[in-house]
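These protein sequences, in sequence, are chains C and P. Residue 1 is where the first sequence starts when you use the numbering used here, and the numbers rise one by one after that. Residue 1001 is where the second sequence starts when you use the numbering used here, and the numbers rise one by one after that.
The set of hints was computed from the structure by calculation and includes no laboratory data. In this text, a Cβ means the ideal position worked out from N, Cα and C, and glycines have one as well. One or more hints might be untrue.
What the hints assert, rightly or not - Computed Cβ-Cβ distance ranges for the label pairs, DEER-style: (1) Val1035/P <-> Val194/C: 32 to 40 Å; (2) Asp1067/P <-> Trp167/C: 23 to 31 Å; (3) Arg1096/P <-> Pro23/C: 30 to 38 Å.
Here is what each chain is made of, one letter per residue.
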Amino acid sequence: MQAPEQRRPQPWPIRLAHWANVPLLAILAASGLQILAAYPRMGPRGHLYSLYPFQGAVPPSWLRLGDWLAGARHWHFAFGWFLALNGCVYVLYLALSGEWRRRLFLPRRDARDAVATLAYYLRIRPAPAQPGLYNGLQRLAYTCALVLGALSVLSGLVLYKPVQLQWLTALFGGYDPARAIHLLLLVLLAFFTVGHVVLVALHPRTFGEMVTGGRKPDV
Amino acid sequence: MSERILTRRHVLLGAAALGTSACDSSRPREGFLGVMERFNKRVQTGLFSPTRLAPEEPVARLTPPGDFPKYFISETVPLAPADWRLEVGGLVSRPRTFSVEELRRLPRTDFRIRHHCVEGWTAVASWHGVRIIDLAQAVGADPRAGFVEFRSFDQGYYSSWDAPSALHPQTVLAYGMNGQPLTPGHGAPLRLYSGVKLGYKMVKYLTTVHFLPEATGGTWEDRGYEWFAGV
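Chain P with its partners taken away, still in its complex shape:
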């Protein structure tokens, strides 16, 4: 052989380059980590049960209301405009907007469950609001809408969900917390709350709910956090 194209040096350099690019933490959706992320998404989808409920927590476990973290990405607490209404649309037969008063007239659901933050802390509060599945019925959502996207007036913070998680009996549009109306710090006038997702999926300061045939991303998901994020 006159010239060796593949020397040991080339192989080692290639393997090193492949190794680093395959496991790039700043772009975890690509390479080997990306392959494993898609595998984990399938595992999570498989583990999810539409009927398994997050356990109800006793009152004694309630996090003191002042200690429940408040989170938003705007510089100051986002405040709803006076003419705030929730727009519900996408693949629905009766798209419309709702005031909080109109949402209160839909069936109400209450639960007190544990909140799991992606950072690793937990907190307990009780929440009440209208289930997405009841809202879907009210607007005639198309069963072909496999995804639901939630957007907010908090700098456009958003997230899209798989329909089975959004239609879970413990996924609500919450207008109340711990028996009180929702406060601005926790997402007033309306936020998403669920027993089956990590905190960053639960969009606060809602403006729109769209039933969609395709998944979109999310504020944190677009930056590399996992999309399914079930608990």
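So that you can see chain C by itself, here it is in the shape it has in the complex:
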């Protein structure tokens, strides 16, 4: 197998997993908001948390999928498996192909570059040299997105089986905290997606690469 540095920027397994996430995340977010609409509050009955700013506010209908609670639950529990499967295949591919070296954030290697890139975006410093496929800030963002996705699946499993998977429930601090975390993760993933789309719009070449795979580097 080729070293990652000599491969096309986006090998086909990466592209496949990336584009599969688009409908999967949309379906899961929309059906999840329909489930939330059945009880649009955080906390157990009787002791509502006061920190949640949207207590009692139902998500708008155009953001929801599944018509009603039962329908949305069927959508959510049907497609949740495919998101988890896609994530597992992706991580397995990263590990076995060595692609993790190009894509994942390694603090010792990438921290300094991430700070320098952030300073460049904030117009504080000139652009740092960018060796390799991604800069440190990109690696940090993509690694965070992967972690958010994994936590979404795990907190979702808590909501699905809080008793049978009670060791996992305990890790999230209980069912009600897990439900708040599950929603918080959706918000963070939505912010990531908006930032991701804006940056792709500013660098259209990367969009073409994610479709075609891009060219092999001239070595």
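Dock chain P against the given chain C, drawing on the hints supplied.
The following block gives chain P in isolation, referenced to the frame of chain C:
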């Protein structure tokens, strides 16, 4: 080829029709969502352990009794007739009826656990009553009865369960809540309570318990909610 039967237009229209009918939220038991629902039922059955108990909650976590939601489908709080008795039958060797007093003479089980509603809220109360497994012994339930059906006088609200969940040590016919006799708002004189199912499976205002060889549906299950509904 003189005429093309399968044009690109046909394929696209067909795929769109298949896609929408396969994922019809109003009939989630059919098509692709139905296939996945059956898969999820197998997953849930596989995850279920007859010995794993829902954790006991400390007293401090008790939901203030007035805040524990009351739920029924009748227009007003259903009230039991004066001659109320629970009928226990189906695949049993000694079918009979019970008054609450007679049920109290069977072994009593107490637990304080978290209630998980399908809507997403939780609440904590303590419950006491007789385990279904003790009732099954009292009436000589046939081991071939793989399902148990519970019916009520709340507009005929009902639900059927897989026997392993019904015979779980934390599945009781509850005649008391928070140390008091059950109130009409919470299903008096007798309701089903369990640590291993979502709220809509726990039938209140019970009239019959039937041990059956086949599953029947349920009030919410017949409308499209999942049948297994374990937690």
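Comparing the hints with the structure gives:
{"no.": "1", "hint": "Val1035/P <-> Val194/C: 32 to 40 Å", "result": "holds (34 Å)"}
{"no.": "2", "hint": "Asp1067/P <-> Trp167/C: 23 to 31 Å", "result": "holds (29 Å)"}
{"no.": "3", "hint": "Arg1096/P <-> Pro23/C: 30 to 38 Å", "result": "violated (56 Å)"}
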